[in-house]
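J.: Fit chain B to the supplied structure of chain A, relying on the hints for placement.
Number of protein chains: 2
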Amino acid sequence: MNVELISVGTELLLGNIVNTNANYLSRKCADLGFTLYYQITVGDNETRLTKVLEDALKRSDIIILTGGLGPTEDDMTKEAVARVLDRKLVMDEETREKIKAYFAFKNNNLPKDRQDSEITINNWKQAMKIEGSIVVENDNGTAPGYIVEAEYDAGSANGSRKQTKRIILLPGPPGEMIPMFENRILPYLKNLQDRIFLSKMVKICGIGESKAETLILDLINSQNNPTIAPYAKSGEVHFRVTAAAKNREEANQLLKPILRELENRFGSNIYTFEEKETLEEVVVKLLHQKKLTLATAESCTGGLFTGRIVNVSGVSDLLKEGFITYSNEAKLKYLGVKKETLDQFGAVSEQTAREMAVGAAKIAGADTAVGITGIAGPDGGTATKPVGLVYISCYCNGKVTVRECRFRGDRQKVREQSVIHALDLLRRCILEETEIDH
Amino acid sequence: MNVELISVGTELLLGNIVNTNANYLSRKCADLGFTLYYQITVGDNETRLTKVLEDALKRSDIIILTGGLGPTEDDMTKEAVARVLDRKLVMDEETREKIKAYFAFKNNNLPKDRQDSEITINNWKQAMKIEGSIVVENDNGTAPGYIVEAEYDAGSANGSRKQTKRIILLPGPPGEMIPMFENRILPYLKNLQDRIFLSKMVKICGIGESKAETLILDLINSQNNPTIAPYAKSGEVHFRVTAAAKNREEANQLLKPILRELENRFGSNIYTFEEKETLEEVVVKLLHQKKLTLATAESCTGGLFTGRIVNVSGVSDLLKEGFITYSNEAKLKYLGVKKETLDQFGAVSEQTAREMAVGAAKIAGADTAVGITGIAGPDGGTATKPVGLVYISCYCNGKVTVRECRFRGDRQKVREQSVIHALDLLRRCILEETEIDH
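Listed in order, the protein sequences are those of chains A and B. Numbering of the first sequence is given in the working numbering, commencing with residue 1 and proceeding in unit increments. Numbering of the second sequence is given in the working numbering, commencing with residue 1 and proceeding in unit increments.
Bear in mind the hints are in silico, worked out from the structure with no lab data behind them. The model shown is predicted, which means the values in this text are computed figures rather than measured ones. Think of the CB as a built atom: it goes at the ideal place given N, C-alpha and C, for glycine as much as any other residue.
Label-pair distances were calculated between CB atoms; the ranges are:
(1) A:Thr227 x B:Asn183: 38 to 46 Å
(2) B:Arg260 x A:Phe345: 50 to 58 Å
(3) A:Lys100 x B:Thr214: 21 to 29 Å
(4) A:Asn397 x B:Gly381: 31 to 39 Å
(5) B:Glu404 x A:Thr72: 28 to 36 Å
DSS-like cross-link-like pairs, simulated, lysine-lysine; straight-line CA separation at most 27 Å:
(6) A:Lys51 x B:Lys162
(7) B:Lys362 x A:Lys333
(8) B:Lys290 x A:Lys333
(9) A:Lys413 x A:Lys276
(10) A:Lys162 x B:Lys51
(11) A:Lys276 x A:Lys256
(12) B:Lys333 x A:Lys338
(13) B:Lys165 x A:Lys51
So that you can see chain A by itself, here it is in the shape it has in the complex (with noise of 0.2 Å):
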């Protein structure tokens, strides 16, 4: 079955927002294992857009519409549907007392007689449904989505010739169409598949995307199923993995000899196979589990690299402290960097970067600490250090290792691959003195 997903609103073609819509659907399409041939966006038009709609029906079995089911006049795309299908809009009773419910609520904090009055006419309409359709309960906002099944006829040069289509219809806002596609759409289009997909995500960091891509291209290329399919991500490669079969076990059993492989060729380079785990969750992880304390030294970062570490939740027991040091004023006063090592070989250098790791550890009294120190452009670079050149350093129970990293693209290219490679070595680190303690 194919699938086709049309994305309605003038804010799209102003080019006033991303359609990130278009994208996570169609993520979700071939995760399903549905093809997607067509993208369309049209605007708010119910001439434009009931003509996409009849040349979807006519080349597609399953149609995704996103937005234009608001309540104000612009909102056009329910109506569209009917009048394609020849469906009348009905009012839908339960819908209308939940927009009664939603707004008494709201409203609870006005006096009793402008209560009702604030519903505007233009709220009702979303509690019209087309004739026969599913209603979607929106657990985010007042519009409802619906599901509407059809015998369409796409009509050939050889007569009419009728087929099953399936139009979904979605709210636009991302906050309240992801909700409803995954509770409620997702379960309804897996039923339309006999067979189940399965994924597990490959994330890698410490190594380039091509080469990574090399290493296994021989896989990439032979595998059919389950199926490898590369995930460019800024600074770290992800693979997504993914199985087609009659049951989660059996497609369990497909993925097992595939990941293992890819273990032997990637080892350490994985962090995780869990699509929703990152790396910072990763290195908090480890840190929690090896109950280690952290504290950090950031010059060129700015903080980055600790706002990611915070980006986890409950971190506030095993981060001490951080340090932005961004002069060498403070290098030398909070954090014991030697005067003599930021003479001689200067503020972005491994010796400054070890003594930063090193000082952020003895004063916060951490268990592992993180320097950061670099030159992120655009100014500021020389011949022998030129913009890029990045010193991260990792102090990890007594021990302490520098990287020297030659990054490319602008300032905040250079900060972000700091960031990531400072996760990484940390993570490294962490996972080699538990090695040495077995």
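T.: Chain B only, in chain A's frame:
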């Protein structure tokens, strides 16, 4: 004239990447005063691409295609356009020489006998151009772009109707597409318009989106030239004011009274009128102008605030020191927050925020300091101190201001809003200090 965008690439249909190109080009077309009715995304498939192109030629004057210009067999955009326009592909000698030079440079480190063989046959595909097209140089890659002007017979019920159509082919990677568009396509498109469009971006913070819109709803609704369009941005509100005129001077004359009126209504909530200027740049500029140094003390934001400041190049002379004091212990030890304050009012309190800013300024010897302490969630909230409660303090030349904020959203959102509000508070405190000086 109306424009249609066609994004070519199976990776878009699989959801591997977000279509930021469509967003960028839509915005540019809107700025140029072109109307855009459709954005289409289609895979690397010649049949479907050809069909989509034919539809576009029937309904649009200018068609911009991105993607599918590379050297691989999957890349077939040029071939499809040539077919639809019934033109040949011919060798472009200039491009051929450039590809040769590119690889000579790239393979410089290889033995002489291998330099040429490294240019695979595929690469010469990029030297083929559509007959009669303008080749557009690519400063950031090997695949050039193309402009094709054609008299196209879109056909109709009333028979033939030849029209001038313009097809623009651009590479897919944004790093190649954007510079090519800015430097070479923009001048071409501007030339097609008899009017020029001039925009100013009014950037506002410290006031919510819906409130801001309400304040100028009369202007938005009554204005045709200039137009005022809101641009949603996390934690800030931007309005783009665009005038269409015969020339720059006339456009400026049209913009002036509207910008003055917006300034009347929003006052110091406006932090810039420049599209490219960010909030942190404005803050750093103010610090530079007033010759003030800065220290920071962050708890729940864990370095993100200082990270934003360090986004701006050349802050090493004014950023004295940043303290990331996530734990109570660190707040006592490094910032001199009093134990009684923490015991009596808690770490998330006006009093603690105040002492954090004062402590950071004093210890670092800075003229200004910002303190941030709050509950970012998802855990740690109570009835009296719910998730989203954040205290932001600013010390400026002896005076301390503390703001109590209640943010909605997840951990990420709360921290992001905290950073923006802290930047805004610092900006206002510096401005007020200056007013007193006068």
